[in-house]
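Asks: One letter stands for each residue in the lines below.
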Amino acid sequence: MMQCGWPLLGPLQWIRYTDKQVKVKAGKQEEHRGWMVTVDPVSASVVLVDFSEAGASVRVVMGHAVEEVEVLQDADAETVQRLRSAFVLPKRPGLGP
Amino acid sequence: SWRSSIAPPSERPGERRAAEMKKLYGEDAAKISAMEAAMQLTFDRNCDLKQPKYWPVIPLKL
Amino acid sequence: SISSSVASEADPELLQREQHARSVLRENFLQCLVSMTNRKVQFHMHEKVKVEATFGASDIDVLNFQVSDLHTPIGVQKEALIRSQDVISVTFDV
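Chains as they are written, first to last, in my numbering: chain X, 13 to 109; chain S, 22 to 83; chain U, 33 to 126.
With the rest of the complex left out, here is chain X:
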């Protein structure tokens, strides 16, 4: 659970939220669930992916609007795989050449 100061957390904290299903509260009344793909270290904006039958939807929440981020669950191996393939991403550390 992250209470405040999302933009101040820094890379080593932000990266711990990736590959997790999260609930993000933003602005006055938005609340979004999704799998966290990345956090922009410049703007603290977060990228969430949500899977549907049609494919996947991506939501970028601006860092200045993020009020709270709560981790709901870890991604299993299959979900991690889907996150990699649903969205054009470069290789992550430790995933081979």
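Just so you know, these hints were derived from the structure itself, not from any lab. Glycine included, every Cβ here is placed at the ideal spot set by N, Cα and C. Please note that a few of the clues may not be correct.
Said to hold, decoys possible - Have a look at the derived ranges for each label pair, beta carbon to beta carbon:
(1) X:Asp62 x U:Lys110: 43 to 53 Å
(2) U:Pro44 x S:Ile79: 44 to 54 Å
(3) S:Asp69 x U:Gly107: 17 to 27 Å
(4) X:Gly67 x S:Arg33: 20 to 30 Å
(5) U:Val81 x X:Pro19: 18 to 28 Å
(6) U:Asp101 x S:Glu48: 39 to 49 Å
(7) X:Asp86 x S:Asp69: 44 to 54 Å
Got chain X; can you put chains S and U on it based on the hints?
Replies: Using the frame of chain X, we list chains S and U on its own:
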């Protein structure tokens, strides 16, 4: 850049930027710099070409 | 953040881990922005404003989004810049 006025005259902006990137991204600084340069170029070129105007004219959030 | 940079200045190994994390996060975010090019996106903005547009590009500081065919409440603006400060979130389908 907002720092130019207080930087020593011998230090050039490009060098300072490169040093900042190195501090932030370490050995990946060159890769990230290249990606950023490409993206900023696209943005600048589109703006030159299309002359977009701000919407809304007055910011919603000051 | 300020606290982590102070800590990492005293610890080269920590600094390197932080630089690597920042680089992975930034690269993936830039990829995300690139993948938005020419896609129909929806902006959720402050004051409950929702608009659709075709995404063009973002500046690297993520301060402005350059878009085309912006459907505003009073008509279509062919070319526009949207301030990221006005935006809460942006969505698109892949």
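Asks: In this structure, is the beta-carbon distance linking Gly67 of chain X and Arg33 of chain S contained in 20 to 30 Å?
Replies: violated, 47 Å
Asks: 44 to 54 Å was suggested as the range; check whether the CB atoms of Pro44 of chain U and Ile79 of chain S agree with it.
Replies: holds, 48 Å
Asks: Look at the Cβ atoms of Asp69 of chain S and Gly107 of chain U and judge whether their distance stays inside 17 to 27 Å.
Replies: holds, 25 Å
Asks: Is 43 to 53 Å a correct range for the gap between the Cβ atoms of Asp62 of chain X and Lys110 of chain U?
Replies: Cβ of Asp62 of chain X to Cβ of Lys110 of chain U: about 31 Å, so the range 43 to 53 Å is violated.
Asks: Starting from the range 44 to 54 Å, see whether the pair Asp86 of chain X and Asp69 of chain S falls in it by beta-carbon distance.
Replies: holds, 46 Å
Asks: Is 18 to 28 Å respected by the C-beta to C-beta distance linking Val81 of chain U and Pro19 of chain X?
Replies: At roughly 23 Å between Cβ atoms, Pro19 of chain X and Val81 of chain U fall inside 18 to 28 Å, so the hint holds.
Asks: Just to be sure I understand the hint, the distance between the Cβ atoms of Asp101 of chain U and Glu48 of chain S should be within 39 to 49 Å; is that true here?
Replies: holds, 41 Å
When the structure is compared with the earlier hints, violations turn up for hints 1, 4 and for no others.
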